[in-house]
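Asker: Use the sequences and the hints to build the structure in full.
Protein chains in written order, with this note's numbering: chain R, 1 to 420; chain Z, 1 to 298.
Please note that the accuracy of each hint is not assured.
Cross-link-like lysine-lysine pairs, in silico, DSS-like; alpha carbons within 27 Å at most [unchecked claim]:
{"no.": "1", "chain 1": "R", "residue 1": "Lys314", "chain 2": "R", "residue 2": "Lys140"}
{"no.": "2", "chain 1": "Z", "residue 1": "Lys154", "chain 2": "R", "residue 2": "Lys405"}
{"no.": "3", "chain 1": "R", "residue 1": "Lys266", "chain 2": "Z", "residue 2": "Lys138"}
{"no.": "4", "chain 1": "R", "residue 1": "Lys324", "chain 2": "R", "residue 2": "Lys31"}
{"no.": "5", "chain 1": "R", "residue 1": "Lys224", "chain 2": "R", "residue 2": "Lys419"}
{"no.": "6", "chain 1": "Z", "residue 1": "Lys154", "chain 2": "R", "residue 2": "Lys266"}
{"no.": "7", "chain 1": "Z", "residue 1": "Lys138", "chain 2": "R", "residue 2": "Lys419"}
{"no.": "8", "chain 1": "R", "residue 1": "Lys158", "chain 2": "R", "residue 2": "Lys30"}
{"no.": "9", "chain 1": "R", "residue 1": "Lys281", "chain 2": "R", "residue 2": "Lys158"}
{"no.": "10", "chain 1": "Z", "residue 1": "Lys217", "chain 2": "Z", "residue 2": "Lys207"}
{"no.": "11", "chain 1": "R", "residue 1": "Lys162", "chain 2": "R", "residue 2": "Lys324"}
{"no.": "12", "chain 1": "R", "residue 1": "Lys158", "chain 2": "R", "residue 2": "Lys283"}
{"no.": "13", "chain 1": "R", "residue 1": "Lys31", "chain 2": "R", "residue 2": "Lys167"}
{"no.": "14", "chain 1": "Z", "residue 1": "Lys54", "chain 2": "R", "residue 2": "Lys405"}
{"no.": "15", "chain 1": "R", "residue 1": "Lys300", "chain 2": "R", "residue 2": "Lys314"}
Which stretches of chain Z does chain R cover? Using the computed rule of at least three CB atoms under 8 Å from a CB of chain R, they are [to be verified]:
{"no.": "16", "segment": "33-45"}
{"no.": "17", "segment": "51-58"}
{"no.": "18", "segment": "149-163"}
{"no.": "19", "segment": "199-213"}
{"no.": "20", "segment": "264-278"}
Not close to chain R: a few residues of chain Z, all C-beta gaps over 10 Å, as computed [said to hold, decoys possible]:
{"no.": "21", "residue": "Phe104"}
{"no.": "22", "residue": "Ile143"}
{"no.": "23", "residue": "Ile189"}
{"no.": "24", "residue": "Leu220"}
What the hints contain is simulated information worked out from the structure, not anything from laboratory work.
Beta carbons: idealized from backbone N, C-alpha and C, even for Gly.
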Amino acid sequence: MKKTAGILLLCGILLLMLSVISCGTRRGEKKLEVFSWWTAGGEAEGLEALRKIFVAQNPNVEFINATVAGGAGSNAQAVLATRMQGGSPPDTFQVHAGRELIDSWVAAGAMEPLNFLFEKNNWMSVYPQGLIDIISYKGKIYSVPVNIHRSNVLWYNKAVFKKYNLKPPETLDDFFNVADTLANNGITPLALGDNGIWAATHLFENILLGALGPEKYQGLWTGKVRWDSADVRSALSAFVRVLDYINSDHAALSWDGAAQYVIDGKCAMTIMGDWAHGFFKAKGLKPGVDYGWIPSPGTKGSFNMLSDSFGLPKNAPHRDIAIKWLTVCGSREGQDAFNPIKGSIPARTDADRSLYDKYSLSAMNDFQSDIIVPSCTHGAAASQSWVTKIHDVMSIFVAERNVDKADNEFQELATRFIKK
Amino acid sequence: MIRSKRDQRIGFAIVIPGFILLGIFVYGFIGWTLAVSFSGWEGILPNWDFMGLKNFISLFHSERFRIDLLNTFFFSILFLGFCVVLGFTLAMLLDKITGGEAIFRNIFLFPLAISFVVTGVVWRWIFNPTVGINALIKNLFGINIAWGWFTETKSFLGFNYALIPVVIAAGWQLTGYVMAMVLAGIRAIPIEVIESASIDGAGEFRKMTDIIIPIIKPVLFASLIILGHISLKIFDLVYTMTGSGTAFVTDFPSMYMFETTFQGHFYAEGSGISIIMLLLVAVVIVPYLYSVLKKEKA
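Answerer: Structure (C-alpha cells):
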C-alpha cells in the first residue's frame with residue numbers, strides 16, 4: 001500500500017509542476033509585458049524614458065520589460081513568432097511599420113485594429129498621411145508608430161575629411177572620387193560591418209535608391225519596376241565597385257563596430273541608419289563637430305524611412321493596460337521623451353523642436369519636404385519572408401560579386417513574393 | 001529473482017508517465033514536423049495543402065543548403081579526426097606520466113564544463129582577423145598575416161577554409177572528452193597483457209597498434225558516435241562564434257533552419273531541414289544502437 005501511495009504522491013507533484021508552468025500570467029492582474037529588441041545604448045534608455053511616463057500615470061501596474069538582444073531584431077522576431085504561434089502573445093510588441101507588420105501579423109488576423117485609439121486621441125491629424133497608409137490594411141490602422149528612422153544617411157569623420165580637404169560626396173561619382181583620394185592616403189574609405197548580413201543589404205538598398213531614384217525604387221516593391229532591368233543591374237555593378245572600398249574585416253564586425261572605425265579615423269565614412277547618430281552621441285561625440293552627415297550618394301531629396309511601432313495582438317493578456325501603454329507611445333510627451341535619447345525623430349509632426357539636436361532637426365525638415373520611400377532591410381517595403389531570402393542572395397553576392405546571377409535571383413524572388 | 005505480478009504492475013505504472021511524455025514531446029513532434037515538411041506552410045497561418053516532396057526538392061536546389069551539407073560533411077570529418085587523434089595522444093601520454101596526472105587530466109577536461117556559447121564568444125575574439133591572433137603575431141614577430149580566419153571566403157574543392165577556426169574551437173572543447181574515455185579504456189586493460197607483450201619484445205608502437213587500440217575499439221567507437229551527433233547538429237557554437245558568414249562559409253543546416261523558420265516564417269521549408277538533419281543523425285546512431293542491441297541479446 002505504501003508503494004502505491006508513493007506513486008500517487010509522485011504523480012501529484014508532477015501534475016502540480018505542470019499546472020504551475022501553465023499559469024504564468026493570469027488575466028485581471030495589473031501587469032504589462034512590453035516586448036522589444038531595445039537592449040543597447042540609446043535604445044534601452046529611450047524605452048526607459050517611455051516606461052517612466054507610463055509608470056507615473058499607472059503607478060499600480062507592474063511593468064515587465066521583455067527584451068531580446070540582436071541586431072535589427074533578428075532574434076526578437078524569432079522569439080515573437082514562437083510566442084504568437086503558441087498562443088501566448090505579449091501584451092504589446094515592437095514591430096517595424098510596413099510590410100513586416102502587415103504581411104506577418106495583420107494579414108494572419110493576429111492583430112486588433114486601433115482606429116478607435118487614433119480617433120479618441122485625435123492622432124489622425126498629427127500623424128503624416130503617408131505613415132498612416134503604411135500601417136493600414138484594408139482601411140484599418142494596426143499599430144502606433146513611436147519614431148521615424150532614416151536609412152539613407154552617410155556618416156563621415158569630419159577631421160579626416162578636413163585633413164584631405166574633401167567634400168562629403170553627393171553623388172556616386174563624387175563618392176568614388178573621394179574614396180580614391182582616401183584610399184591613396186591609406187585610409188579605408190567606407191566602413192561596413194556585415195557579420196549580420198542585413199548591414200550589406202542596408203548598404204545595397206541605399207545604393208539602389210541612389211541609382212534608381214525614389215519612384216523606380218518604390219516600384220521594385222510593388223511590381224511596377226522589374227528587378228532584371230538595366231537600372232537594377234547598374235546599381236548592382238555600382239555596389240560591387242563600392243565593395244572595393246570597404247574594410248577587409250567587414251564580415252567579423254557588426255554595424256556598431258563599423259561606426260567605431262569611423263570614430264577612430266580608421267575608416268572615413270559609413271552608410272547606416274540614424275541609430276548610428278545615437279551611437280556616436282553615446283560615445284561622447286558632438287554632431288556636426290566630430291562627425292557629419294549627408295544623404296547617402298545620389299539620394300538627396302529622398303527619405304528612406306523605417307519606423308518602430310507598437311501593436312495590440314489579439315488575446316493580449318492585459319488588453320486594457322496595453323491600450324494605456326499605446327496611448328503613451330502615441331502621445332507627444334512620450335515621443336518627445338523617447339526620441340531625443342534614441343536618436344530618431346518623432347512620428348508625430350507636432351513635436352517640441354527645442355528638444356532635438358542639429359541632426360534630428362535636419363532629419364525632421366527632410367521628413368516633411370522629401371519623398372518618403374520605405375526601407376527594405378527594416379521591414380517597411382517587403383515582408384519578412386522576402387527580406388530573409390534577399391539576405392540569402394546578398395550573402396553569396398557580397399563574396400562572388402556575380403551581377404547577372406544576383407539580378408536573376410532578385411527577379412525570381414520578386415515574382416514569387418509580389419503576386420501574393 | 002522472480003518478480004511478482006504486482007511488482008511488474010508497479011514498475012509499469014512508474015514507467016508510464018515518462019513514456020507518455022516522451023511519446024508526445026519527442027516522437028509526437030517528430031511526426032508533426034514530418035507532416036509540416038510535406039505541407040505548404042509559409043507565414044504565420046498554417047497551410048496544410050499536401051505538397052509531396054516539393055519542399056525537399058527545392059531545398060536541394062537551394063545553393064545555401066548545398067553549401068550547408070558540404071560544410072557539415074567537412075566539419076564532421078575534421079572535427080572527429082581532430083578530437084580522436086589529439087584525445088588519444090593525450091590519453092597515451094597521460095597514461096605514461098607518474099606525477100601530476102590528475103592535474104593534467106583536469107586541465108584537459110575543463111573546457112567540457114564550458115557552454116558552447118562561451119567557447120564561441122572567446123574564440124570569436126581569438127580568431128578576429130584584426131584584433132585576434134593576427135595582431136598577436138604582428139606584435140610579437142612583426143609579420144603581417146593577411147588571413148581572414150573565419151571570414152575567409154576562399155575554398156578548396158568545396159571545403160571552406162573558414163571552417164578551420166570552428167574546428168579548432170569545437171575540438172578544443174571536446175578533445176578532453178575523448179581523452180577521458182580513452183584513458184578509462186586503457187586503464188581497464190589488464191596489466192599482465194601489456195607486460196607479457198613487453199617480455200615478448202614488443203615496442204611501444206607495436207603495443208599501441210596491436211593491443212591497446214583493438215581492446216579500446218568499442219570505447220573509441222562510442223565516443224565517435226557521441227561527437228558525430230554533436231557535429232551534425234552543431235548550432236550554438238557557430239551562431240555565437242561566426243554566424244552564417246559571407247557566402248555561407250560557416251553556415252550549417254541548423255542555422256538555415258532557425259533563420260528560415262523563425263525569421264522568414266517558412267515553416268514547411270524549416271521542417272524539411274529538420275527532417276533531413278534527423279535522418280543524418282539517424283544514419284550515425286541507428287547502426288550503433290543496433291550493434292548494442294545485438295550484443296545485449298547475445
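Asker: Hint check: Lys154 of chain Z vs Lys405 of chain R, CA-CA at most 27 Å. Holds or violated?
Answerer: Status holds; Cα separation ~19 Å.
Asker: Test the statement that Phe104 of chain Z is away from the interface with chain R: the closest C-beta pair must be farther apart than 10 Å.
Answerer: holds (34 Å)
Asker: Between Lys224 of chain R and Lys419 of chain R, does the CA-CA distance stay at or below 27 Å?
Answerer: holds (12 Å)
Asker: Are the Cα atoms of Lys324 of chain R and Lys31 of chain R separated by 27 Å or less?
Answerer: holds (12 Å)
Asker: For a C-alpha distance cap of 27 Å, please report whether Lys162 of chain R and Lys324 of chain R respect it.
Answerer: violated (50 Å)
Asker: Was Ile143 of chain Z rightly flagged as not at the interface, with every chain R Cβ beyond 10 Å?
Answerer: holds (17 Å)
Asker: Between the alpha carbons of Lys314 of chain R and Lys140 of chain R, is the straight-line distance 27 Å or under?
Answerer: holds (15 Å)
Asker: For the pair we were handed, Lys300 of chain R and Lys314 of chain R, check the Cα-Cα distance against 27 Å.
Answerer: Violated - the C-alpha atoms of Lys314 of chain R and Lys300 of chain R are around 41 Å apart, more than 27 Å.
Asker: Within the assertion that chain R covers the segment 51-58 of chain Z, do at least three residues meet a Cβ-to-Cβ distance smaller than 8 Å?
Answerer: Not satisfied, violated; 0 residues make the cut.
Asker: Does Ile189 of chain Z clear chain R by more than 10 Å, comparing its Cβ with all Cβ atoms of that chain?
Answerer: The assertion about Ile189 of chain Z holds, with a minimum of 43 Å to chain R.
Asker: Decide if the proposed pair is consistent with the structure: Lys217 of chain Z and Lys207 of chain Z, CA atoms, cutoff 27 Å inclusive.
Answerer: holds (14 Å)
Asker: Taking 8 Å as the Cβ threshold, is the statement that the segment 264-278 of chain Z is covered by chain R upheld or broken by the three-residue rule?
Answerer: With 3 residues closer than 8 Å to chain R, the segment 264-278 of chain Z meets the three-residue bar; holds.
In this structure, the earlier hints numbered 7, 8, 11, 13, 15, 17, 19 are contradicted, and the remaining ones agree with it.
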